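These protein sequences, in sequence, are chains A and B. When we follow the numbering used here, the leftmost residue of the first sequence carries the number 7, and every step to the right adds one. When we follow the numbering used here, the leftmost residue of the second sequence carries the number 7, and every step to the right adds one.
Hints may be right or wrong, so weigh each one.
Since the list gives no way to pick out one identical chain from another, each pair is judged satisfied if it fits inside one copy or across any two copies.
[As the list claims (entries may be wrong)] Taking lysine to aspartate or glutamate and the EDC-like style, the derived pairs with C-alpha atoms no more than 20 Å apart in a straight line are:
#1 K401 / D41
#2 K39 / D369
#3 K72 / E315
#4 K170 / D336
#5 K201 / E242
Simulated from the structure, these hints should not be mistaken for laboratory data. Only a predicted model underlies this, so the values are computations on that prediction, with no experimental measurement involved.
Number of protein chains: 2
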Amino acid sequence: MAKINSNYLLLPNSYLFAEIARKVNAYMQANPKADIIKMGIGDVTMPLTSAVTCAMEKAAKEMGNKETFRGYGPEQGYDFLIDAVIKGEYKSRNIDISHDEIFISDGSKCDVANIQEIFDINSTIAIADPVYPVYLDSNVMAGRSGALNNNGYFEKIIYMPSTKENNFKPSFPSRHADLIYICSPNNPTGAALTKDELKAWVDYALENNSIILYDSAYSAYIQEENVCGSIYEISEACKCAIEFKSFSKTAGFTGIRCAFTVVPKELYAFDDKGNKVELNRLWNRRQTTKFNGVSYVTQRAAEAVYSIEGMKETKEVISYYMDNAKIILDGLKQAGFEAYGGVNAPYIWWKIPNNIKSFDFLDILLNKYQIVGTPGSGFGPSGEGYFRLTAFGNKEKTKEAMQRIIKGGF
Amino acid sequence: MAKINSNYLLLPNSYLFAEIARKVNAYMQANPKADIIKMGIGDVTMPLTSAVTCAMEKAAKEMGNKETFRGYGPEQGYDFLIDAVIKGEYKSRNIDISHDEIFISDGSKCDVANIQEIFDINSTIAIADPVYPVYLDSNVMAGRSGALNNNGYFEKIIYMPSTKENNFKPSFPSRHADLIYICSPNNPTGAALTKDELKAWVDYALENNSIILYDSAYSAYIQEENVCGSIYEISEACKCAIEFKSFSKTAGFTGIRCAFTVVPKELYAFDDKGNKVELNRLWNRRQTTKFNGVSYVTQRAAEAVYSIEGMKETKEVISYYMDNAKIILDGLKQAGFEAYGGVNAPYIWWKIPNNIKSFDFLDILLNKYQIVGTPGSGFGPSGEGYFRLTAFGNKEKTKEAMQRIIKGGF
Numbered sequence: 007m008a009k010i011n012s013n014y015l016l017l018p019n020s021y022l023f024a025e026i027a028r029k030v031n032a033y034m035q036a037n038p039k040a041d042i043i044k045m046g047i048g049d050v051t052m053p054l055t056s057a058v059t060c061a062m063e064k065a066a067k068e069m070g071n072k073e074t075f076r077g078y079g080p081e082q083g084y085d086f087l088i089d090a091v092i093k094g095e096y097k098s099r100n101i102d103i104s105h106d107e108i109f110i111s112d113g114s115k116c117d118v119a120n121i122q123e124i125f126d127i128n129s130t131i132a133i134a135d136p137v138y139p140v141y142l143d144s145n146v147m148a149g150r151s152g153a154l155n156n157n158g159y160f161e162k163i164i165y166m167p168s169t170k171e172n173n174f175k176p177s178f179p180s181r182h183a184d185l186i187y188i189c190s191p192n193n194p195t196g197a198a199l200t201k202d203e204l205k206a207w208v209d210y211a212l213e214n215n216s217i218i219l220y221d222s223a224y225s226a227y228i229q230e231e232n233v234c235g236s237i238y239e240i241s242e243a244c245k246c247a248i249e250f251k252s253f254s255k256t257a258g259f260t261g262i263r264c265a266f267t268v269v270p271k272e273l274y275a276f277d278d279k280g281n282k283v284e285l286n287r288l289w290n291r292r293q294t295t296k297f298n299g300v301s302y303v304t305q306r307a308a309e310a311v312y313s314i315e316g317m318k319e320t321k322e323v324i325s326y327y328m329d330n331a332k333i334i335l336d337g338l339k340q341a342g343f344e345a346y347g348g349v350n351a352p353y354i355w356w357k358i359p360n361n362i363k364s365f366d367f368l369d370i371l372l373n374k375y376q377i378v379g380t381p382g383s384g385f386g387p388s389g390e391g392y393f394r395l396t397a398f399g400n401k402e403k404t405k406e407a408m409q410r411i412i413k414g415g416f
Numbered sequence: 007m008a009k010i011n012s013n014y015l016l017l018p019n020s021y022l023f024a025e026i027a028r029k030v031n032a033y034m035q036a037n038p039k040a041d042i043i044k045m046g047i048g049d050v051t052m053p054l055t056s057a058v059t060c061a062m063e064k065a066a067k068e069m070g071n072k073e074t075f076r077g078y079g080p081e082q083g084y085d086f087l088i089d090a091v092i093k094g095e096y097k098s099r100n101i102d103i104s105h106d107e108i109f110i111s112d113g114s115k116c117d118v119a120n121i122q123e124i125f126d127i128n129s130t131i132a133i134a135d136p137v138y139p140v141y142l143d144s145n146v147m148a149g150r151s152g153a154l155n156n157n158g159y160f161e162k163i164i165y166m167p168s169t170k171e172n173n174f175k176p177s178f179p180s181r182h183a184d185l186i187y188i189c190s191p192n193n194p195t196g197a198a199l200t201k202d203e204l205k206a207w208v209d210y211a212l213e214n215n216s217i218i219l220y221d222s223a224y225s226a227y228i229q230e231e232n233v234c235g236s237i238y239e240i241s242e243a244c245k246c247a248i249e250f251k252s253f254s255k256t257a258g259f260t261g262i263r264c265a266f267t268v269v270p271k272e273l274y275a276f277d278d279k280g281n282k283v284e285l286n287r288l289w290n291r292r293q294t295t296k297f298n299g300v301s302y303v304t305q306r307a308a309e310a311v312y313s314i315e316g317m318k319e320t321k322e323v324i325s326y327y328m329d330n331a332k333i334i335l336d337g338l339k340q341a342g343f344e345a346y347g348g349v350n351a352p353y354i355w356w357k358i359p360n361n362i363k364s365f366d367f368l369d370i371l372l373n374k375y376q377i378v379g380t381p382g383s384g385f386g387p388s389g390e391g392y393f394r395l396t397a398f399g400n401k402e403k404t405k406e407a408m409q410r411i412i413k414g415g416f
């Protein structure tokens, strides 16, 4: 009698964004003429830049020609893209990352979800709270979480609350964690660790034999000089951190899927007998066995992001979104609200007034202003009382949304 | 102190194809002028067809236009592609598969490797022997295998030998298996189950409460009428089987990555408390949590495979490869060897004479004929004594390889 992985049943029934979509669809069906402004899901809206689409068209043509066709590529990614990543992301920051430390993938969602597989099933897990739900969910599904308590916490997970009191920067784990998930700039709060703060995390990890799983998917949005674009700007981080970066938000690749993960060769964990094992070797084994590389066409598109034209165009798109972030931040403040983030990230973290629950606030915003956002509680218990708006929308719509809020009051 | 998933260390050190590549590279460095004919790795060589590349170019252009740009797509795949799959793969075979039973992915390798995640960690696993190594390796990594014995068998895995004696069709498991992996047409033997044989498997699974994980990646190569293109041609199979299909070998997508998996809604397994749980719901949860969909550009390419022009072009490419298969099969027989497969699959299963070990035969072929193939033992213990040649090469090169063998004798 075949049995399921019962850990799956520990997860609450529906994934955050699906539940929001359900509510919005119900509202739209009931109010077919409503002009809804979507500031919820973290998806980009600007098209791919010209450098990127030209590269894709060229690659598509190559694939139709016998002389230039390519079948299976390296599971770890093509040299041309890895070289571009090293030059564009690391050499430019004076960081020395070698070729075989980089693994190209079809998205950071997959990588941050799959990375736990290479670690022991009894590893202790610390997760920033609130944060992108995939770190938690993938560990629940693997069986590392224990049960979900009534208060919204899984019993074996170490939560690192990021609240107004600590400027939304996660506090160190309350007890030893083998694996520490950090997202900076953070989704959903928009808070970004400064260089000093990040150094404190690296020191902590080295001292406590923890491994930091560092999700840096939003690093292209960093505006302040004292915020690192890579954890490896901190020397010694290559001894304690795996870094995840993505083209999704950097260059609008949410629909064509490309990301990369850096697993330094100096990074070790221990086997059952206490022997050191290179994590780079394990991740390589995982990827070569269970993954077959990213589309050649997509990899050429990603390479083009680092061309001179591509970098210029990408910068313009990010400026567009960050202008939106400022519009939202200023608008909410003008309307008398507290709001955070939006300086080094495309996310604005809105403090909900009057102790209204964040899922109730979703309904209020939808009904009163026809604006969709994301309830903070969907990102963890410490997200309760907050609401995430994103800067990925159209500028005129973003302005209009703020006008509705400013005029409507609360 | 972070610990690794020690199950990874149970795997033999290097993945089959990587080890072959290493040997070939060493030979090439030592013999830089050798004209090596590669008949080893199962990769296609013909370019993508015109219908497919046109669709990709068009989609790339759409992604560069604000009005037609698409960000995140549904994790399960776009409707247009799912509709095309239902029409092209199932309605055409009088099979009724519904929209939400199909999950588009970036490759069958990922899907067959990931599917085990939704099942209990103590599930018993039966695997055809020899077969594509990913079924086994993914279960070893998950911790279901036990240790590797000296004779090449993992202690907890139920092997289903497919030998000359049973026409390379796997025998039923020797004891109860919760999950049964079958690949038909088979990689590497090229053997394909007839409709009667497949019905016997479905009956067996229903009677024994087993779930069949049916890898049908090579179904486009089937030439004989009594061989099924889908397991769902057997009524009741939707109560016991998950089917994996791919565009990789069907339409040369090895470099652009697209496949799909069918998880029928009628398919159940049991939770810890003995309740029935829909596997479709679990796989949907797995995919929505840990995967973010396939590139829009690739999905448009896959849709084009089912256009009238696309189907015509695809058929021509497959004929080209199957002509090669005949050349190899006839050539080996003319040279006095025993050889199998090659009728419903692009793989020829070559019986090695004189009890030579298959990894030694790799060296012999390389040195004597400058031909690369794949040692049968790499696909499981019952593959020892055999060698896989593939029909994916250039026709002239394939002919020349056979001439070398016919002339050279053994």
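Quick rundown of the hints versus the structure:
Proximity of K401 to D41 under the C-alpha cut-off of 20 Å is restricted to the intra-copy arrangement: shortest distance 15 Å within a copy versus 60 Å between copies. For the homomeric pair K39 and D369, the shortest alpha-carbon distance inside one copy (17 Å) is at most 20 Å, but the shortest distance between copies (72 Å) is not. Taking the shortest Cα distances, K72 and E315 sit within 20 Å of each other only across copies (19 Å), while inside one copy they are farther apart (29 Å). In the homo-oligomer, the alpha carbons of K170 and D336 lie at most 20 Å apart inside one protomer (19 Å), although the nearest pairing across protomers, at 75 Å, exceeds that limit.
When the C-alpha separation of K201 and E242 is checked against a cutoff of 20 Å, the pair qualifies only within one copy, where the shortest distance is 13 Å, while the shortest distance between copies is 61 Å.
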